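> What follows is the residue order along each chain.
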Amino acid sequence: MVAGPGRESKVERVRHLDSEPHFNRVYRSEYSRLVRLATILVGRRDVAEELVQETFLDAHRKWSRLHSYDRPDAWLRRGVLQRSMRHRGRVQKESALIARLVPARWIAAESWATVDPALFASISRLPRRQAQVLVLVVIDDCSFAEVATILKCSEETARTHYRRARTRLRGELASRQEP
Amino acid sequence: MTMSIRQQSPISDDELTQRLATLRLDLDRADVRPPDFVPVQRRRRGASRIATAVALMAAAGLTLVQGEQILVAHRRAGPLSDTIVVSSPGASRSRATNAKSPTTLPGGVAGVSVTVASRVDGPLTRMTFVLKASNGRPTPVQVNAAWAPCEIISTTVSSVSNSALGSKVEVRSTPSMTANVSETITIDGWQNIVTLVMDQQKDWLRVGLPGGSKAAYGWVRTSDFHTFTNAYSLVYESGKQRLTTCKDGEPIRHDATTLEAPRGTSPGVGLVYLGGLVRRSPQDTPMFLTKSWSSSFVDSVDLLDPTEKGPGIRLPSGAVLHMSRAPMNALIDTVPLGTPLTIVK
Numbered sequence: 001m002v003a004g005p006g007r008e009s010k011v012e013r014v015r016h017l018d019s020e021p022h023f024n025r026v027y028r029s030e031y032s033r034l035v036r037l038a039t040i041l042v043g044r045r046d047v048a049e050e051l052v053q054e055t056f057l058d059a060h061r062k063w064s065r066l067h068s069y070d071r072p073d074a075w076l077r078r079g080v081l082q083r084s085m086r087h088r089g090r091v092q093k094e095s096a097l098i099a100r101l102v103p104a105r106w107i108a109a110e111s112w113a114t115v116d117p118a119l120f121a122s123i124s125r126l127p128r129r130q131a132q133v134l135v136l137v138v139i140d141d142c143s144f145a146e147v148a149t150i151l152k153c154s155e156e157t158a159r160t161h162y163r164r165a166r167t168r169l170r171g172e173l174a175s176r177q178e179p
Numbered sequence: 001m002t003m004s005i006r007q008q009s010p011i012s013d014d015e016l017t018q019r020l021a022t023l024r025l026d027l028d029r030a031d032v033r034p035p036d037f038v039p040v041q042r043r044r045r046g047a048s049r050i051a052t053a054v055a056l057m058a059a060a061g062l063t064l065v066q067g068e069q070i071l072v073a074h075r076r077a078g079p080l081s082d083t084i085v086v087s088s089p090g091a092s093r094s095r096a097t098n099a100k101s102p103t104t105l106p107g108g109v110a111g112v113s114v115t116v117a118s119r120v121d122g123p124l125t126r127m128t129f130v131l132k133a134s135n136g137r138p139t140p141v142q143v144n145a146a147w148a149p150c151e152i153i154s155t156t157v158s159s160v161s162n163s164a165l166g167s168k169v170e171v172r173s174t175p176s177m178t179a180n181v182s183e184t185i186t187i188d189g190w191q192n193i194v195t196l197v198m199d200q201q202k203d204w205l206r207v208g209l210p211g212g213s214k215a216a217y218g219w220v221r222t223s224d225f226h227t228f229t230n231a232y233s234l235v236y237e238s239g240k241q242r243l244t245t246c247k248d249g250e251p252i253r254h255d256a257t258t259l260e261a262p263r264g265t266s267p268g269v270g271l272v273y274l275g276g277l278v279r280r281s282p283q284d285t286p287m288f289l290t291k292s293w294s295s296s297f298v299d300s301v302d303l304l305d306p307t308e309k310g311p312g313i314r315l316p317s318g319a320v321l322h323m324s325r326a327p328m329n330a331l332i333d334t335v336p337l338g339t340p341l342t343i344v345k
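First to last, the sequence lines map onto chains B and C.
According to my numbering, the first sequence is numbered sequentially starting from 1.
According to my numbering, the second sequence is numbered sequentially starting from 1.
Just so you know, these hints were derived from the structure itself, not from any lab.
Any given hint might turn out to be false.
The calculated label-pair distances, taken between Cβ atoms and stated as ranges, are [unchecked claim]:
#1 R159(B) <-> T22(C): 15 to 25 Å
#2 K62(B) <-> P35(C): 16 to 26 Å
#3 R221(C) <-> R61(B): 50 to 60 Å
#4 D28(C) <-> S124(B): 33 to 43 Å
#5 D333(C) <-> K62(B): 44 to 54 Å
Bear in mind the structure is a predicted one, so any value in this text is a computation, not a measurement.
We put the beta carbon where it would ideally sit given N, CA and C, even for glycine.
Kindly produce the complete structure, drawing on both the sequences and the hints.
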């Protein structure tokens, strides 16, 4: 797992949220982290911001119920992950459809600016659950117990997805390095 | 002959960890500050869908005018519809989505690239389309499509009218003289038929039909009607109870308005048009120049001064826009019959 120097621990953040379950505080506290999560999955910062905004809109509407949750941040993360995966699937379908109808050279490529395009592309090709677990662990510093809570699966399942994601990434990255 | 199979060896776990750490540091460096939360949905993502839609339209043989501007009335709390309704000359109206049945689209494939710029302006999103052909030059285009549920308002709308006393207009199911007459409209002398042109093929116009008991649309001969271009369009936001009047796509005024649907019905959302106007001269009793048009949703909207509301002014099936007297009079003096009105939530 990648360590986050100087980063507020997950537990502290959750306690902080629990003590002040005000929507704006949650919004300010979680926004940037959720944008990072979504950016990895959808590959575009602007789209990620919009997906996070949509999630907060949804949360805003349901806040009377959500603020009593033990982990409103888990609800937000799950929402962002689901929206990101839906967007990813839609983009893939659109790309496939347009590629069938319009010559590829006339389709403007989306900008996937990153320091490591190969890694980015490899993550985007991961299966849904593996990608979600990977970004939660690597990007958001979640423990496997937290991942299990967010994704509503067992801790062992989360570990398995994470292990498979790494194995798959290593293979993908190796194949991209081959001439 | 010898063959060699090269085995790809995965990168090491340490290297993967290092690259993930670098990726994360890159993300951490990005200055992601939360903007002030505004409980309004941003529409940026809709542009890619519209681009997809336009690409589909191009693939279906439709052409778009370079720089053509289309206004999209959007719902505040929902995404733009993924469903696209396209129509092209010589082809029946086809329904396509981003993922479903693309093979049903008529026509061939055009080499185009699409640039879509959008700007949110109140309840409207302005989309500017620029298509380039495979030779890099702008492709001349004619917009001939609408997104279901009719959320696109073209900046110019063709309407038709027929006020010839006693004349009969035959409505056919297809644009052909040999097609069955689905309905006959008789001009009874006091009403003026005005409707929207939904499609056009040579000497035929596809227009809305009165009554609502049969098909909502039909084909009429162009020579039976007078065609005019309407620069005005209206957008009614039922959530805000606000009517926006646009001219050439530019919002020119907003008025507080309520929409009263006929009893037992719901106005819903979608594209309707002004089927009739109710105007009262200062000295005279109200003069009705209206005929209600109905289908599964409200097809026509009548403008009615709320002070006129009362027994004898009920309309059998049309919805009524209620406004105060001054803006209503201004609106009646401004927009003609046949002006499209898009109802959004």
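> For this structure, which hints from the list above don't hold up?
Hint 4 contradicted; others consistent.
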